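Trainee: Going by full-length UniProt numbering, the letters in the sequence shown line up with residues 1 to 257, in that order.
Derived by calculation from the structure, the hints in this document are not laboratory data. Small disclaimer: the values here were computed from a predicted structure and weren't measured. Treat the hints with caution; some may be incorrect.
[What the hints assert, rightly or not] Calculated lysine to aspartate or glutamate pairs in the EDC-like style (CA-CA distance at most 20 Å, straight line):
1) Lys16 - Glu140
2) Lys14 - Asp166
3) Lys191 - Glu140
4) Lys81 - Glu140
5) Lys103 - Asp45
6) Lys165 - Glu19
7) Lys15 - Asp166
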Amino acid sequence: MWLNCRPTFYRIYKKKSTEGFQAVPYVVALFSAMLWIYYAFLKSDAYLLITINSVGCVIETIYITMFMAYATRKARVQTAKLLLLLNLGLFCLILLLTLLLAKGPNRVRILGWVCVTFATSSFAAPLSIMRLVIRTKSVEFMPFYLSFFLTLSAVAWFSYGVLLKDLYVALPNVLGFVFGLAQMLLYVIYKNTKKVVITEQKLPEQMLDVVNLGSNGTENNIVVVVEEGKLGEQTRKNAKSTVEETKVAEQVDANKV
């Protein structure tokens, strides 16, 4: 599950841009992994939780670092604020409160429900991507493999929780399974939809050949070069003004004669 985002970040690396991708799922996933490690340390015989979520913390940190490197300034600021608020501030607060205000089995139960809450948030984080898919009718930023592995991971962890009779592990993965199926359904609906790309239309470089008859009966060509994408009303007005000024000057010369 942790490694299925590699194609996404390879694309970000190649294009040097995060495009329409968002950091929220990775920040929430990192926070959830940190909570599960803490929960596993309080609970006996939970080495699998410690191992997998430790690997997850490392991988998510790499993802977030890459995202910050290629994101816009606004996206970097938003991601940094979310990291400080969630992964530092809230995690430290939960750590202190559970250590100071709860003991023994109560501490495990309290932390278990906290983990359920934020694991659910981790599964719900892709809702923003699903909303983007519905709005744009494009699955470009919701790869199928991500949705598939989300569903597969939810099934695996649900089975693990049932085998250990651990409600806190099994419960949030029911929602993960539902969201995974919903994302795959959206992918099937919108995968063949043509994207509507709005681009700025540029006019090719042109030459306006303004012709007027000179006082000597020959053609005086006023050539106006218009650069690509800059053929506008002002250019036409300038060309027209030049012609009028030339005609006035010729009329004055004719009167003098």
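Trainee: Decide if the proposed pair is consistent with the structure: lysine 14 and aspartate 166, CA atoms, cutoff 20 Å inclusive.
Mentor: 42 Å, violated
Trainee: Could you grab the alpha-carbon distance between lysine 16 and glutamate 140 and see if it respects the 20 Å cut-off?
Mentor: 17 Å, holds
Trainee: Compare the distance between the alpha carbons of lysine 81 and glutamate 140 with 20 Å, and conclude whether the hinted pair is satisfied.
Mentor: 27 Å, violated
Trainee: Hinted pair, alpha-carbon criterion (20 Å max): lysine 191, glutamate 140. Please report holds or violated.
Mentor: Holds - the C-alpha atoms of glutamate 140 and lysine 191 are around 9 Å apart, at most 20 Å.
Trainee: Below or equal to 20 Å on CA atoms is what counts here, so check lysine 103 against aspartate 45.
Mentor: 19 Å, holds
Trainee: Holds or violated: are the alpha carbons of lysine 15 and aspartate 166 at most 20 Å from each other?
Mentor: Violated: lysine 15 and aspartate 166 sit about 43 Å apart, past 20 Å.
Trainee: Holds or violated: lysine 165 with glutamate 19, Cα cutoff 20 Å?
Mentor: 42 Å, violated
Going through the hint list in order, the structure does not satisfy hints 2, 4, 6 and 7.
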